[in-house]
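Residues 184 to 311 in the working numbering are what the sequence shown spells out, letter by letter.
Possibly wrong hints are sitting among the right ones.
The calculated label-pair distances, taken between Cβ atoms and stated as ranges, are [unchecked claim]:
id, residue 1, residue 2, range
1, W279, D230, 29 to 37 Å
2, T215, D188, 16 to 24 Å
3, G222, S276, 39 to 47 Å
Derived from the structure by calculation, the hints contain no laboratory data. C-beta atoms are modelled at their ideal positions from N, C-alpha and C, and glycine is treated no differently.
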Amino acid sequence: MAVLDAERLRPLFHQRITEVRNPHSLCVAEDTVLVVSTGTDEVVAYDWGRRSLTFRGVAWTPSLAGRDTHHLNSIAYVDSEHIWVTGFGPKASGLWESASDGYICNIANGGVLKKGINQPHSLRPSGR
């Protein structure tokens with residue numbers, strides 16, 4: 184992961200995030216970086232320090248499989264009570280194109296905002 188200076192877009196630091204497999208999306212939630220680890224069906228949390236990220240742990244997972252069974256894709260931080268993640272949901276056959284019961288989940292409270300979405304990808308809160 185690379186962290187850039189917001190004004191000049193110069194690299195501040197970079198580091199490997201070995202706890203994540205097949206990262207698809209990330210967001211910053213105050214002093215925490217949340218990374219979607221699609222390969223493990225997890226949202227992984229890191230503390231954001233001045234020059235490094237420190238692994239905090241798994242913030243959320245829809246399954247305990249430890250592999251890509253829901254194909255998590257996107258994450259958006261609205262506030263501490265609204266952190267949304269999209270996922271395809273389980274496959275009906277061996278291919279991801281068979282997944283048609285995708286969802287948007289609020290990982291802050293475990294609530295499902297919407298389900299029955301066909302392979303949701305990019306999530307962006309409106310008006311933000």
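Hint check:
1. W279 to D230: 29 to 37 Å: With a Cβ separation near 32 Å, W279 and D230 satisfy 29 to 37 Å, so the hint holds.
2. T215 to D188: 16 to 24 Å: With a Cβ separation near 20 Å, T215 and D188 satisfy 16 to 24 Å, so the hint holds.
3. G222 to S276: 39 to 47 Å: violated, 20 Å
Of the numbered hints given earlier, the model fails hint 3 alone.
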